[in-house]
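Visitor: Sequence:
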Amino acid sequence: MVLSAEKRAWRLIELVFVDEAEILRINNEHLQHDYVTDIITFPYHEGEEPVEGTLFCCAPQIFKQAEEHGADPLHEFARILIHGLLHLCDYDDKTSSDKHRMTEKENYYLSKLQFNT
Numbered sequence: 073m074v075l076s077a078e079k080r081a082w083r084l085i086e087l088v089f090v091d092e093a094e095i096l097r098i099n100n101e102h103l104q105h106d107y108v109t110d111i112i113t114f115p116y117h118e119g120e121e122p123v124e125g126t127l128f129c130c131a132p133q134i135f136k137q138a139e140e141h142g143a144d145p146l147h148e149f150a151r152i153l154i155h156g157l158l159h160l161c162d163y164d165d166k167t168s169s170d171k172h173r174m175t176e177k178e179n180y181y182l183s184k185l186q187f188n189t
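Take 73 as the starting number for the sequence shown in the numbering used here and just add one per residue.
Mixed in with the good hints there might be a few duds.
Claimed, not checked - In the SDA-like style, the derived pairs of lysine to any residue whose C-alpha atoms are separated by at most 25 Å in a straight line are:
| hint | residue 1 | residue 2 |
| --- | --- | --- |
| 1 | LYS184 | LEU75 |
| 2 | LYS184 | GLU139 |
| 3 | LYS166 | THR109 |
| 4 | LYS79 | HIS159 |
Stated by the list, open to error - Listed next, with one range per pair, are the computed distances between beta-carbon atoms:
| hint | residue 1 | residue 2 | range |
| --- | --- | --- | --- |
| 5 | PRO132 | SER169 | 27 to 35 Å |
| 6 | LEU182 | VAL88 | 18 to 26 Å |
| 7 | PRO122 | ALA150 | 20 to 28 Å |
| 8 | THR126 | ALA150 | 14 to 22 Å |
| 9 | GLU94 | ASP164 | 31 to 39 Å |
| 10 | GLY119 | GLU92 | 33 to 41 Å |
| 11 | GLN186 | GLU101 | 34 to 42 Å |
| 12 | VAL108 | SER168 | 21 to 29 Å |
| 13 | SER183 | GLY142 | 13 to 21 Å |
| 14 | ASP170 | ALA77 | 17 to 25 Å |
| 15 | PHE135 | LEU185 | 14 to 22 Å |
Because the hints were derived from the structure by calculation, they are not lab data. Each residue gets a CB set at the ideal place from its N, CA and C atoms; glycine is no exception.
Go ahead and model the full structure; you've got the sequences and the hints to work with.
Guide: Put into structure tokens, the structure is as follows:
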């Protein structure tokens, strides 16, 4: 739904679940960040080509975040997957305005999936 609503065709999207040690290694090696995160997205397409990419999801971190926010774990997983798909659609979250825009999009798609935001 996210990709079609963003008017993006797709070719291949891999979803890989990893533990905290592996997401930390990937974050260090590829992004030079020394912390555990919930998702890391690697796009393989360029421009308007059909979307291709890999989403590395850290399930333990997602469960931890859900607990910290008092959220349903399924809701948090949906949010994180939407976040990763938005990255594949060229959205970014490096600045506060970019983060705000992505959060608004996440909330929009969560509401379309009938998750309360």
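Visitor: Between the beta carbons of PRO122 and ALA150, is the distance compatible with 20 to 28 Å?
Guide: holds (23 Å)
Visitor: So does ASP170 sit 17 to 25 Å from ALA77, Cβ to Cβ?
Guide: holds (19 Å)
Visitor: Is the distance from the Cβ of GLN186 to the Cβ of GLU101 consistent with 34 to 42 Å?
Guide: holds (38 Å)
Visitor: 21 to 29 Å was suggested as the range; check whether the CB atoms of VAL108 and SER168 agree with it.
Guide: With a Cβ separation near 22 Å, VAL108 and SER168 satisfy 21 to 29 Å, so the hint holds.
Visitor: With a cut-off of 25 Å on the C-alpha distance, tell me whether LYS166 and THR109 pass.
Guide: holds (15 Å)
Visitor: 33 to 41 Å was suggested as the range; check whether the CB atoms of GLY119 and GLU92 agree with it.
Guide: The hinted range 33 to 41 Å holds for GLY119 and GLU92, with Cβ atoms some 34 Å apart.
Visitor: Hinted pair, alpha-carbon criterion (25 Å max): LYS184, GLU139. Please report holds or violated.
Guide: holds (23 Å)
Visitor: So if I understand the rule, the pair passes when the alpha-carbon distance is 25 Å or less; does LYS184 with LEU75 pass?
Guide: Judged against 25 Å, a Cα distance of about 13 Å means the pair holds.
Visitor: Is it true that the C-beta distance of THR126 to ALA150 lies inside 14 to 22 Å, as the hint says?
Guide: holds (19 Å)
Visitor: 14 to 22 Å was suggested as the range; check whether the CB atoms of PHE135 and LEU185 agree with it.
Guide: holds (19 Å)
Visitor: Using the C-beta atoms of LEU182 and VAL88, is the stated range 18 to 26 Å upheld?
Guide: Holds, at about 22 Å.
Visitor: Does the hinted range 27 to 35 Å hold for PRO132 and SER169 at CB?
Guide: holds (30 Å)
This entry does not satisfy hint 9, going by the numbered hints stated previously; all others are met.
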